[in-house]
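**Student:** The chain contents come next:
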Amino acid sequence: MSNAFIAFQKNDDSRCIVEAILEDNPGAMVVDQPSMVKIDVPNRLVIKRETVEEKMGRSFDLQELQLHLITISGHLDETDDEFTLSWNS
Amino acid sequence: MDMKIAKKLGLKERYALMTRDLAWDTTYQKMEDVFPQTSYEGIKIHDWDKWEDPFRLTMDAYWKYQSEKERKLYAILDGFNQNNGHLSVTDARYINVLKLFLGSTPPLELMAARGFSMMGRQMNGAGPRVACQMQAVDEYRHFQTQIHSISNYNKYYNGMDEFAHQQSRMWYLSDGKSFFDDAITAGPFEFMVAIGFAFEYVLTNILFVPFISGAAYNGDMAAMTVGFSAQSDEARHMTLGLECIKFMLEQDPDNLPIVQRWIDKWTWRGTRKLASVGMMMDYMLPKRIMSFKEAWEMYVEENGGSLFKDLARYGITIPKCFGQTIEEKEHVTHQSWIGFYMKPEATPFHTWIPSPDEMDWLSEKYPNTFDQYYRPVLEYLDQQEKAGNRYNNKTQPMNCQVCVSTMKFNEPGDPMEMCFRESTYKGEKFHTCSDHCKEIFDNEPEKYVQTFISSHQGLQGNCEPDGADVNAADFKPGQNMLDYWKLDKRALGDFNGSEDQANFAKWREQATKN
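Protein chains in written order, with numbering that gives the first Met the number 0: chain Y, 0 to 88; chain R, 0 to 513.
Treat the hints as calculated values from the structure; they're not laboratory data. By construction, the Cβ of each residue, glycine as well, lies at the ideal position given by its N, Cα and C atoms. Check each hint, because a few of them may be wrong.
Unchecked claim - Think about it this way: if two alpha-carbon atoms lie no more than 30 Å apart in a straight line, the pair counts; the simulated DSS-like pairs of lysine-lysine are:
1. R/K71 - Y/K54
2. Y/K9 - R/K63
3. R/K63 - Y/K47
4. R/K475 - R/K176
5. R/K385 - R/K364
6. R/K512 - R/K154
7. R/K319 - R/K43
8. R/K49 - Y/K47
9. R/K7 - Y/K54
10. R/K385 - Y/K9
11. R/K49 - R/K7
12. R/K475 - R/K425
What the hints assert, rightly or not - Here are some chain Y residues the structure puts well away from chain R; computed CB gaps all over 12 Å:
13. K9
14. C15
15. E18
16. L21
17. N24
18. P25
19. G26
20. A27
21. K37
22. E49
23. E53
24. K54
25. R57
26. E63
Using the sequences and the hints given, assemble the complete structure.
**Tutor:** Shown next as structure tokens:
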């Protein structure tokens, strides 16, 4: 099984995004590195707008991810409500 | 009366309207005459509308988020510079990694900007044209921000100001230059595999992720913000490269062997280019977060492995070179650093022998190779230096005709034997560093016989500065190489005893006392 992953620069916004990922993706693993954080999830990683908004306490456009993003792995599907990375294997 | 409120369009619909809906098929001229480049490589496309855009970033959102990224980046750069941030890096050896990184990368970003501008014109489909045009703007941004980042360091340290002149002339910059020259002179689909897949997926994931995290760990906020800001665009670029590969494979089964050959070729070319990035991680960062080997396993073996497993459904197999790259990950960074150490008068950055605790770190990270093959060499060079006999190889290196790396890598399965291969084309011999580069050469010899290799050209008298008299009786080819490269003499030689080392110590002293 392959891991989908995403990495962010460490800041207050990305802290909330990471919390949302951990809540919505059982099996998510956090790799903490200097000034960045990487989250691995087997096969499929989803970021849900609603959960991120709950963590941030404000409305959030998923495309705001672009500001903090470092890298991703997996095929991407992007809608207004979900940002999904997945492998077909 | 109830008002009818139009429902706000979803992201997919908005993106479709902003791309496809603004495009049209030409009628006065045939489409194949308007887009002549996309057929000669043999790739068959039947329906450009089947292209799926992974990141659905419309132009308005693109400008909004990119400008926000720029504001953040320049705020950090200003803060770092105003606070004399250059004196807060771990030690002055660190500056040399910037001379290598920021001296070699901006011209490559510019080539990427040119390449994607061409793709933005050449691709038939509106989806890829829009994505390529955005990527061209991104690459131009990276080119500019990297130069802005280095400009502050350039006020204090030697050897940073001639990178643009050196790009096309300097021996060790030739591997990156040849990578992009090869890609940009290929057809549009091969370019997408070369840059969109190999460069973005294989290379930038190591250069801009663990290496930049390492730069942050060494206190360099300028390189950190520039690197991570660039990589936030690269995430988008990787999906474009991956989408292009899937699109080709889904359009026609005849595309498979062509795509496979490009994946084999460009994975290898990316791997060769990574040897110097790995050396930056293992030898040039005073504080290290992970070894090149560990980064390679995480980002290439695992992540690349996931990708190839996924593409297996189209018939794609793991690149031919993969086995060799796994063997080489324990060797290439040591071979590269020793190679650079031996040429102290041919680079605008300093080299040095790692300290005893740094050698212990290398032993721990490379238990199968470091103590056996590389520690003895480094300790011998260290003894020689202390005895006043610092190694200085003044000869010209031999370079691979394809990747233009100096010949320094080992024969597969035999770390004590240097590897090189030979091909003959039109009665002339050409040398390559490996089976994989030889295969690339043999497949397109007419292309690679044109490779510019400064060490070879220098011996032919073709690398002389303005005013040199090549007809003088005592003229020796290559004797003026330093002037031809415009090398700053203060930036040459060992780190120990350098002007940078003395200045950094003096300025840091001033920063902490009256």
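**Student:** Against each hint, give a clear statement of whether it holds in the structure.
**Tutor:** Verification of the supplied hints:
1. Between R/K71 and Y/K54 the CA atoms are separated by roughly 23 Å; this keeps the pair inside 30 Å, and the hint holds.
2. Distance restraint check for Y/K9 and R/K63: the Cα-Cα separation of roughly 21 Å lies within the 30 Å cut-off, and the hinted pair is therefore satisfied.
3. Proximity of R/K63 to Y/K47 is assessed by CA-CA distance (about 22 Å); at most 30 Å being required, the pair is judged to hold.
4. With a C-alpha separation of about 27 Å, the suggested pair R/K475 and R/K176 falls inside the 30 Å cut-off, and the hint holds.
5. With a CA separation close to 27 Å, the supplied pair R/K385 and R/K364 stays within the 30 Å bound.
6. Among the hinted pairs, R/K512 with R/K154 is consistent with the structure: their alpha-carbon atoms are about 22 Å apart, no more than 30 Å.
7. With a CA separation close to 24 Å, the supplied pair R/K319 and R/K43 stays within the 30 Å bound.
8. Between R/K49 and Y/K47 the alpha-carbon distance is near 27 Å, which keeps this suggested pair within the 30 Å criterion.
9. For a cut-off of 30 Å, the pair hint linking R/K7 to Y/K54 stands: about 25 Å separates their Cα positions.
10. A threshold of 30 Å between alpha carbons decides the hint, and for R/K385 with Y/K9 the separation of about 44 Å lies outside it, so the pair is violated.
11. Between R/K49 and R/K7 the alpha-carbon distance is near 25 Å, which keeps this suggested pair within the 30 Å criterion.
12. Distance hint between R/K475 and R/K425 is fulfilled; the C-alpha atoms sit about 29 Å from each other, no more than 30 Å.
13. With a minimum CB-CB distance of about 9 Å to chain R, Y/K9 fails to clear the 12 Å threshold, and the non-interface call is violated.
14. Remark: the non-interface label on Y/C15 is consistent with the geometry, its nearest Cβ contact in chain R lying 17 Å away (cut-off 12 Å).
15. The Cβ of Y/E18 lies farther than 12 Å from every Cβ of chain R, with a closest approach of about 20 Å, so its non-interface assignment holds.
16. Every C-beta of chain R lies more than 12 Å from that of Y/L21, the closest at about 20 Å, which supports listing it as non-interface.
17. In this structure Y/N24 is separated from chain R by more than 12 Å, as the shortest Cβ-Cβ distance comes to about 17 Å.
18. For Y/P25, the condition that its CB be more than 12 Å from all CB atoms of chain R holds, with the nearest at approximately 20 Å.
19. Distance check for Y/G26 against chain R: the nearest CB is about 16 Å away, which clears 12 Å, and the non-interface claim stands.
20. With a least beta-carbon separation of about 16 Å from chain R, Y/A27 lies farther than 12 Å from that chain, consistent with its non-interface assignment.
21. Not every C-beta of chain R lies more than 12 Å from that of Y/K37, the closest at about 8 Å, which undercuts listing it as non-interface.
22. For Y/E49, the non-interface assignment is confirmed: its Cβ lies about 15 Å from the closest Cβ of chain R, beyond the 12 Å cut-off.
23. With a least beta-carbon separation of about 21 Å from chain R, Y/E53 lies farther than 12 Å from that chain, consistent with its non-interface assignment.
24. Every beta carbon of chain R lies more than 12 Å from that of Y/K54, the smallest distance being close to 20 Å; the non-interface claim holds.
25. For Y/R57, the shortest C-beta to C-beta distance to chain R comes to about 16 Å, beyond the 12 Å cut-off, and the non-interface label holds.
26. Annotated as non-interface, Y/E63 brings its C-beta within 12 Å of a C-beta of chain R; the closest such distance is 7 Å.
When held up to the earlier numbered hints, the structure conflicts with 10, 13, 21 and 26 and fits the remainder.
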